[in-house]
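Those protein sequences? They're chains A and B, same order as listed. If you want my numbering, it's the 1-based position in the first sequence plus 31. If you want my numbering, it's the 1-based position in the second sequence plus 31.
Just so you know, the hints here were simulated from the structure itself, not pulled from any lab data. Some clues are possibly wrong.
[What the hints assert, rightly or not] 20 Å max Cα-Cα, derived SDA-like pairs, lysine to any residue:
no., chain 1, residue 1, chain 2, residue 2
1, A, LYS42, A, GLY162
2, A, LYS279, B, GLY284
3, A, LYS110, B, GLY284
4, A, LYS151, B, ARG99
[What the hints assert, rightly or not] Ranges of calculated distance between the beta carbons of each label pair, as one might list FRET restraints:
no., chain 1, residue 1, chain 2, residue 2, range
5, B, GLY70, A, GLY205, 51 to 61 Å
6, B, LEU106, A, ALA297, 50 to 60 Å
7, B, ARG77, A, ALA297, 54 to 64 Å
Every residue gets a Cβ at the ideal spot worked out from N, C-alpha and C, and that includes glycine.
There are 2 protein chains.
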Amino acid sequence: MIAGIELGGTKTVVATGTAGGIVHEEWRFPTTGPEETLGRFINWLRERGTPTAIGVGAFGPLGVNPGRENYGRLLATPKPGWSGFSIIEALAAAFPQARVVIETDVNAAALAEARLGAAKGLDDVAYITIGTGIGAGILSGGRLIHGALHPEVGHIKVARQAGDDFAGVCPFHGDCLEGLASGPSMAARWGTPAVDLPENHPAWDTEAWYLAQGALSLLGIVAPAKIIIGGGVSQATGFHLKVEALLKNLAAGYFIPLQDGPYIVAPALGQQAGIIGALLLTSHS
Amino acid sequence: MIAGIELGGTKTVVATGTAGGIVHEEWRFPTTGPEETLGRFINWLRERGTPTAIGVGAFGPLGVNPGRENYGRLLATPKPGWSGFSIIEALAAAFPQARVVIETDVNAAALAEARLGAAKGLDDVAYITIGTGIGAGILSGGRLIHGALHPEVGHIKVARQAGDDFAGVCPFHGDCLEGLASGPSMAARWGTPAVDLPENHPAWDTEAWYLAQGALSLLGIVAPAKIIIGGGVSQATGFHLKVEALLKNLAAGYFIPLQDGPYIVAPALGQQAGIIGALLLTSHS
């Protein structure tokens, strides 16, 4: 038996299934403290059998480089109780025979979309998610990118849209990508939650502008064959086409990967990308 | 015997040596047309023996993904005669027993600096070079990043320095990183070639600002453990410290890889990084 867990900031999804990403049984519950959250997963899983491998996609900051001391451990996080908690030790204590593979939640989702979703069959894929924050998972040459810690794509700087003087909401950087385009940023900028903004509201042009800037940086630095944009704040009709048109305009014919369309696409696995990715991690080298 | 060739836009460097990056013999000559340039290398090498492997670091755009039809082939380039030329076919015809490994020149240099130079022992390194253009090679998790083609870091957009209204010189994008900070950009902006600008000229503050923006995007997207900045336009005294100070200011304490310093460093292998990298490619998986 293979198991997966997607640990999100607010909700947790757990599943049994296959290393090929097929979900057999799935359960969602709110994320609380680490012992309670992992404990619920462990008890649920014990009732179902003995896993040979467990894939984990988790919020960060998180040690994701196997062989480093902090692998599978949450680093300093404002989330109460989680700083320093080792997910991998908790799972190894409960299931000593299981191989445990840990990744960021966005890398797990990127892997799922690249193997079974909107970028099926591609080895070079970026998956941007826009919600409370902005994050990205990156598959490059068939491998998930970690770097010295893991990417923090939400905190790159972006060129301003002409005339935009909104200060941004990032407590660290003000007007980084996340500060100018996350869900809380849209709510603060327009006085209305993103989900309530009409589809013809200029908010979506501004939002698409900043996502096109972020996509351009990803294109220039890791050259994905396709960029997926998901998350709660990406669901306005036509949003992906809008970002693609702006990106092509910015690129001015320069970037070859952009020439085959569509380049900016919606996720195909929806809410299940994370948990499917967690299962797939158990067969990903 | 192992051989290497660094094919640059204006000069070519060829060498015999070891797969560990030790140069035995080296020869530099101007890059001309493809048959003549490769021909000189082939004749020179034949006089020295029969190589078992040849590493190539070349200018682009270039197919660098083994297994794709365009591997080792120049794509559309303004450089006369080179568009569509297959470096790998020319070398395979001359040395059918040799394994040929092709990379971008900046990836070869990044590999050399990561294995033997300024980032020795690190598996997550970016190497930015500033000259006629701006490019970057990226090693991530010990592997060189290709993406769907290869990175084009010079053409990302960057946030403007306050008060800067210089239009930029990139024929495609105007004010991309390369358009605002390459050697030709500095010459156009200040009316003086970069090499002749005094070290206390404000040009270096502007230059450092834009490199800090580029470094921030690399940090956010691939999280290198160290960023090397080299090339002709990076050699003013104190330039790397200036970029690092601006980057730390932009980062505002957020990015963990940045906390161990120095983070922005000069190359250690100087003019030899490219050819050493070409030799190292023959033992890089």
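Does ARG99(B) sit within 20 Å of LYS151(A), going by the straight-line distance between their CA atoms? holds, 18 Å
Can the restraint linking LYS42(A) and GLY162(A) be considered satisfied, given a maximum Cα separation of 20 Å? Satisfied, since the Cα-Cα distance of roughly 13 Å is no more than 20 Å.
Taking 50 to 60 Å as the stated bounds, is the beta-carbon spacing between LEU106(B) and ALA297(A) within them? With a Cβ separation near 30 Å, LEU106(B) and ALA297(A) fall outside 50 to 60 Å, so the hint is violated.
CB of ARG77(B) to CB of ALA297(A), is that within 54 to 64 Å? holds, 55 Å
Do the alpha carbons of LYS110(A) and GLY284(B) lie within 20 Å of each other, as the hint requires? Answer holds: LYS110(A) to GLY284(B) is near 18 Å, not above 20 Å.
Quick one: are GLY70(B) and GLY205(A) within 51 to 61 Å, going by C-beta? holds, 56 Å
Run the distance test for LYS279(A) versus GLY284(B): straight-line Cα separation, threshold 20 Å. violated, 33 Å
Of the hints listed earlier, those the structure fails to meet are numbers 2 and 6, in rising order.
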